[in-house]
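Engineer: On the provided structure of chain A, position chains B, C, D and E with the ligands as indicated by the hints.
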Amino acid sequence: MLASILQNVINALQWGSFYALIALGYTLVYGVLTLINFAHGDIFMVGAYIAFFVASFALTTLGMPGWAALALTIPATMVLTSLVGVTLERIAYRPLRRKGAHRLYVVITALMAGLILENGNLAILGASRKAFPPLIHETVYTIGGVSFTNLKIAVIISAFLVFAFLHWVVTRTRVGMAMRAISYDKFAVPLMGIPMDNIIVVTFVLGSAFAGLAGILFAMSYPVLEPYMGALIGWKAFIAAVVGGIGDIRGAFIGGFLLGAVEIMVVAFFPSTFRDLIAFTVLLAILTWKPTGLFGVAKTTKI
Amino acid sequence: MFRYTFHIILILTGGLITWMAYEEMLGLYTLSVLMFMGVNIIMSTSLNLVNGYMGEFSCGHAGFMCVGAYISSILGVLLFAKDKVFGAPLLDPSLAIYAFPFLILAGGVAAALAGLLVAIPSYKTRGDYLAIITIAANYIIISVIENLGVIGGSRGFMGMKRVINAMEDVAYLPWMPIWVFLFTVFSVWLLRRYLSSTFGKGVSAICQDEVAAEIMSVNTNKIKTISFMVSSGVAGIAGGLFAYVIGYVNPGSFNILKSTEALVMVYLGGMGSLSGSILSAVLFTLLLEALRPLQIIKWVVIPLLLIILMQFRPEGIMGNKELGDMFPWLKKFYKFK
Amino acid sequence: MTQTQTHTNTAPVLEVRGLTQRFGGLTAVNNFNVTLNHGELAGLIGPNGAGKTTVFNLVSGFYQPSEGDILVCGSNTKGMKPHQVTGLGVARTFQNIRLWNDMSVLDNIRVAQHGRLGYGFFHAIARSGRYRRREDEVEREARELLEVFDLLRFANEYPKNLPYGTQRKLEIARALSSHPQLLLLDEPAAGLNSSDVKDLIRLVRWIHGRFDVTIWMIEHHMDVMMELCEQIKVIDFGQTIAEGTPETVRNHPAVITAYLGDDNI
Amino acid sequence: ADTIKIGFNIPLTGDIPKVGESSKLSAEMLKADINGAGGLDVGGKKYMLEFIYEDNEAKAESAVTTALKLIEKDQVLAMIGPNSSKQAVPAGQVADDNQTVMISPWSTNPDTTYDRPWVFRAAFLDPFQGPVAVNFAVKTFHAKTAAVLYDLSNDYSKGLAEIFRDVFEKKMGKGTVLAFESHGTKDQDFSAQLTKIIATKPDFIFVPDNYNQVALIVPQARKLGYKGEFMGSDAWGSSELMTLCGDDCKGLHFSTHYAAAGAKGATKEFIDRYTKKYGYTPDDVAALTWDATRVVLKGIQNAGKLTGKLRRDRKAVRDGIAAIKSFAGITGNMKFDEQGDPVKCAVVVQISQKGDFEFKESVCPE
Amino acid sequence: MLLSVENLEVKYGNIQALHGISFNVKEGEIVTLIGANGAGKTTSLYSIARLAPPEAPKVVGGDIRFMGESILNTAPSDVVKNLKLALVPEGRHIFGNLTVMENLELATYSRDKDADLDKDYQRIFDLFPRLAERRKQRSESLSGGEQQMLAVGRALMTGCRALMLDEPSMGLAPVLKYELFRTLKKLNEEGMTLLLVEQNAKLALDIAHRGYVLDTGTIAASGTSEELAGNPEVRKAYLGG
Ligand SMILES: Nc1ncnc2c1ncn2[C@@H]1O[C@H](COP(=O)(O)OP(=O)(O)OP(=O)(O)O)[C@@H](O)[C@H]1O
Ligand SMILES: Nc1ncnc2c1ncn2[C@@H]1O[C@H](COP(=O)(O)OP(=O)(O)OP(=O)(O)O)[C@@H](O)[C@H]1O
Ligand SMILES: CC(C)C[C@H](N)C(=O)O
Ligand SMILES: [Mg+2]
Ligand SMILES: [Mg+2]
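Chains as they are written, first to last, in my numbering: chain A, 909 to 1211; chain B, 6 to 342; chain C, 356 to 620; chain D, 4 to 369; chain E, 95 to 335.
Keep in mind that the hints were calculated from the coordinates and are not lab data.
Be aware that one or more of the hints could be misleading.
Facing chain D, according to a computed beta carbon distance under 7 Å, are these residues of chain B, among others [said to hold, decoys possible]:
1. Ile-251
2. Gly-252
3. Ile-301
No residue lacks a Cβ here, since even glycine has one placed at the ideal position from N, Cα and C.
With the rest of the complex left out, here is chain A (with noise of 0.2 Å):
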């Protein structure tokens, strides 16, 4: 029993750790722009994928070992992944902004946006699934019957340092004081001295580039990669990221954990039938309890 419940625990640290991964970079973007970018899900499948081809040319073509290519793969993917984010918000976001559109239809385009990513894969790269390379050798350790792999190790330590730098970022620099100015009032940062669309653009690449790298862990971790595998995981990080308080990066980190130990003990004390039934009351509950999440700051309305 207790065996069972430190296994469960682990892979609810695991788990997570992916939602709050992708959840920074939802909340980040929306700390900045008040824009629940929808395509976060699928820029992080395209991560993945981007992962996929550097790796699978790292090892066969260039014949790399698993160790270099992954030491490869990771910057490369990061780049690349912010690239398809800044692009997508030059062509897509930015010009409505500049056309001062609601927030929501900026949203709808960005769900769009997230369609034609998972579509244009399919139609490129056919419907056949993706197997992962893999890079390093997982070794199952199992102690007093709990199982953990030095790769799940890995994943849980990196989102716990892309919080932290993240975090530093946003409280601790300009740029990030920029960036939570943004969200509050466009129109008088300009007033200030700042390059508005720079900060935009610096938000859009630290959030793709941590979408690449979850991607690559995702992968890494999943080995099965499909054009639609960013969506689902992609709207649970999103509701991770509100729940914790959207717009503040520890509530995004917190809440990733917490909707992973939901799901995950859920399934451990109760029938798995009732997962979702459950998972999402809890939530739900949650959310009466603490209207603007568990971070959320409420907007005090001064009249």
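Structural biologist: Same frame as chain A, now just chains B, C, D and E with the ligands:
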């Protein structure tokens, strides 16, 4: 003089469709497209009440559609059709013909009650937090149905066709097209009357400045509750029709994807414009059918088209105006109370 | 213009006892008391951050007081939601204009009668007799109100496209359309130029007579206060530091140091 | 020459695009064959085949309109598909109402054909497949207990899982199915369910899931330290299974429609040509589509001659199919019962070390 | 000539707000724009600050020169960064989700790091002690007046040499209002150039050297403060008497 032109045209269209369907001049394919068009119109207009007029961001509309679909289907089969699960019909199938509208409305009422699932939290929270609550509601509803083995769970539920047959046995008419048309008109009529009353304008007040609304004597919680219930109730009606049109329901048909379709239609048409939602629902349905030949590419082209369209009309097709405001000359052709 | 309210009860229009409001550490309003009788035109002044708007927020039910009681026409507003307080006859304007910008001017006035519509959802759907009767009255009242405020020509405009001064005026009209006993004005002259300020003074005095309503206003334009108010309360750090006629207040040393300052530049 | 139009109602986008793709490819191959040979011979007259592929987006409503479009707009003589019961059940209704033959290659939900004279299928049903899996597992693994992991939102998976549980418990006694766990269609992490299952120490785990999920489930189970057996179902039957799952899946068994490896005769020929043409061994749905389509063609030929009067021809085709005494398909011989379901054998295959699906045994309805 | 506006025409969508106005500001001057509501004062300042649509108007004619250079193609952030010309916008526009201190820090975004900021912070806290008390308060909960102080302080923190203020005294208690105007005067004596939009024409003309009167998008009158104060129309319309 011309003020009733609109009503007359409406009646004529309805009559024409019925007649042509009856005479089988309209193929079933065309009819089915028309019927899904009607369902979509109901979906988008009802969602517009919450997302457009009230300025919330509900992403779980399909959930309420689902409630409506199942309730009206189950009732119908239980009462008027012999079924593997429920056995013999409880009532004389020949009554179905009279009961049908009430079956659909029952679905609507049930959905409206389900709407409370969202309405009550909406007192305390709004915006994207409420969005999550609606998504949660959607998931919860689907999950409940998947767990109800009696009504087939994820295997889905069928037998509605037999109810329709029962109706046709009594009088052979294209019942579904007729009812879809009538309920589409009814839904829009209902929404319009609500929103055009001073009472209903409270909704827009909440959207534009909730604090001011509350302090200027608008009972915001009451209005929110009513609006959410109306919105989800009408969605329930759409669900019921959807179920009877297809003759088979399956929880999988009402997932987030379905909800996002409704979202797209609302924003494509324009927040706060019923005629916009109608227009976009029509366009969207036609687009989906017209682009079938593209097969896989279709789902690349459609979003692309929508993105481009948004670039040109960043407020959606109609913005927050109605046709009448856009083309004032139309005004002389109708007069609504 | 139909004035349905009649004042039989002799209780003061507003009675505030020991009102205190804390925000975390800070006490924005501290044991504040006031009584306004029917027909008064009183003022509330004080340095920035003194707690004036907070007092208004408390009276209009937007905040629940940490301590103290607020009685409107004799009935305690404890636990009431703002729209209920408005129902008791309190209406207000806002320090930064809060009109419904995407609604026609006329609708702004109509919706502000929401509390007294006297019909509900089903009447609206059925377009019942009561519905039609009330809608007509609402419409008529709204137009009359705009008429007397000389805003009728803007009836179908959107507030956001109106000049600033006009918006202020409209906000006051909107407040009145809920038939208040007590009208709270939060810096109605802010952002108006001197000629508009003159009109405002005339307007407020006229309203006071025309709608026989009790008015309580916050304003940093001293000349406005001096001209209009019979009684002025001065608060600082949420506490009353002086009160009385404009004259007494103006010459009160504490007021001069804390609020008026010296105007040679 | 005249042409015969046949419609395909398949999921080219949506949840299971691969299923649609395979159907299409194998149909294309068949069409090429026949038209290459000068067309289909019906009552001494040659007809060219025209296949119309419509995407049903793996949605029920879309499958309905698709069916109607094929029947009316395209005036097809008969329809193939949909594959997934979610679409096949409602589409079957449409076909039946409009008196047009529909034959679903892979739908295994009884409702699809139940009470619908115009609707047939090429696959055996879950109520038949369930026992096959049970008996095999009990015999081969000497299993006393079992655990099940299935996809709650996939009607197929759920149905089969329930049948399996009932049959197994009837055979081995109450409570011998130690764990009965579910997951969602697009889930990627199954650690919680597996942890729970493994803790009950079952003799084997039955996984009636689509191959792509199998490719995640099995390795994850291994990483959680599970060393025991798995038993699978027809939805495993895709060449992709092995590219995705890798070594972890080697040696496992699943019940299915045909065994690619070591096949003989027509089956072997089909497999080789398909592999040559498209670069991967055909999966079950490819083979089933091939058979389904040939059943239709057979039906057409049985009809004797085509009058060109669509309603009459469709009726003729329907009777033609119903009249098929015995049909030698590449997924085995079959004939149709009064419900339009095939009476055919299932095979159990084992995944070899080379990753081929090797024939283990064949179970036929008695 | 620090800043010169040459028959500037601007539009909001298709509403023309300015019909070719010209005015200029010399180094070290205080120039004031007065005019009725809707005259185009804010619009002028927006155009000079190069704010972009949708909130801000679009220049359709004329030119804006800063030290002779046209700045029509300068990005708004560069107006602050390079030209050192800052704007205190009408309606405050403080960053409510940041603390008072963060608001001020943010304003130093474009300043070179070695500038000694402490002196400037000190200057502002001397000017507005209330801000010093509220360093850590989320600024959206500040009172109206407190927010106005923050807005002015923030602009000063950008280390600008010229400052445009749009109705800075709005919502300020008299004592602060006079204090503020004294400070503006002091700043100007320290060499800061000011372009001041103010409803309270009397105060404005008290400290300004020159002024322009705007009326529905055109210049109605101009001259030294004394001239304007003497001008009967101006007295009647804007000085109340
Ligand atoms: N929601 C809130 N949370 C925290 N502090 C608040 C809140 N509302 C007001 N305060 C603080 O309470 C004090 C009083 O605010 P209030 O708005 O009443 O001042 P005021 O008298 O209206 O000033 P002004 O004349 O500038 O409008 C201020 O110091 C303000 O910072
Ligand atoms: N965003 C906008 N969209 C359309 N018209 C606008 C907009 N902002 C201002 N206007 C119009 O431009 C003209 C000038 O407005 P502006 O705000 O510059 O006047 P102002 O002199 O600043 O008045 P105030 O003293 O009230 O600030 C006015 O007629 C106003 O209606
Ligand atoms: C696996 C699925 C594509 C098909 C399955 N046999 C069904 O009936 O749904
Ligand atoms: Mg105030
Ligand atoms: Mg202005």
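Engineer: Give me the numbers of the hints this structure contradicts, sorted from smallest to largest.
Structural biologist: Structure breaks no hint.
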